[in-house]
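Asker: So the sequence shown is numbered by my numbering: it starts at 1 and just counts up by one.
Mixed in with the good hints there might be a few duds.
Unchecked claim - The calculated DSS-like cross-link candidates involving lysine-lysine, where the alpha carbons are at most 30 Å apart (straight line), are:
| # | residue 1 | residue 2 |
| --- | --- | --- |
| 1 | K153 | K53 |
| 2 | K18 | K53 |
| 3 | K163 | K153 |
What the hints assert, rightly or not - Restraint ranges, calculated between C-beta atoms of paired labels, are given here:
| # | residue 1 | residue 2 | range |
| --- | --- | --- | --- |
| 4 | T10 | N239 | 45 to 53 Å |
| 5 | G179 | K18 | 27 to 35 Å |
| 6 | T91 | T10 | 15 to 23 Å |
If you are wondering where the hints come from, they were derived from the structure by calculation, not from laboratory data.
By construction, the Cβ of each residue, glycine as well, lies at the ideal position given by its N, Cα and C atoms.
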Amino acid sequence: MLRGAGLVLTDRDIELFKYLAFGPAFSDDLHARFFVGKGKLVSRQAYERRMWKLIEACCIERIEPQRIRGRRTILHKPVYSLAEGGIEILTSQGVLQIDRIRHVRPNRRTLFHEIILTRLIRRIYEGDPRRYEVIRLFDHDMLAKQVQRVRIKRIPDLRFTLKFRHGAYFSYLVEIDAGTTHTPEFLQKLLAFMQLSRRLAPVNSKDPVGILIVCHTSDRMETLQKAVMESHITVKVANRFLFSTIQNIDNSLGLYNPWHKADGAKIDFIFKDGGKAPELQSGKSGKALEQSI
């Protein structure tokens, strides 16, 4: 039996730690995923008791979402993240390597951003292992350390590389857009991201690169799509940008809306594995992103 600060840990506890290794999660999400017995949810009281024991053992941390004045009341339950004790258990027992763990300490200002980013990271790692393998994944802080010598100011929220079964590689950059950047500056940011990706790629690498842009609202997404198609500095590479929005979805359950190209075409499969370099696909069947990643 594994122990954490005197607490006997169960297999369910370890699976919960592994889930939080990607980043924070809402309480409702954890309850529904890990506390199910005999076909139904374990009581909320039993769930809360166990979570408090894990907190007291320094395995996880808890943060209460802040109610923001002037906006609608936040309805979600608390958010949990992995603490030092949980990280030590995962690494010392060989469950996960340290470079696969994101030690995120969200505050009330960054919480929403981190939840969105973590949700996408989980989608990437939980994809079909028969189709691809995640060989590199770096968040903003990791990337900042890599490029600190070249003085690059614009750094994306995430960069990851996939290796497909036929040996081809495909890299993606991710930007979570809150709508606070003016459109012309945002276009410059996209070009800077592509330059950054070239700097970080292996020597003489010609692997394709795409940029995933997650917007807070549909209106913002449409504004950026239009800007990409109308700007002479981005229109020639517009097929490298994919857009999605988190508007009108339940933020606590790890869901995503479909993705679209800059020209508005809907994406069923972000990439295709067919014996050649992956390519962006626009589909007709209406399937959402979670079916392709």
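Asker: Decide, hint by hint, whether the structure agrees.
Answerer: Tested hints:
no. : hint                     : result
1   : K153 <-> K53             : 42 Å, violated
2   : K18 <-> K53              : 17 Å, holds
3   : K163 <-> K153            : 28 Å, holds
4   : T10 <-> N239: 45 to 53 Å : 48 Å, holds
5   : G179 <-> K18: 27 to 35 Å : 33 Å, holds
6   : T91 <-> T10: 15 to 23 Å  : 19 Å, holds
The structure shown violates just one earlier hint, number 1.
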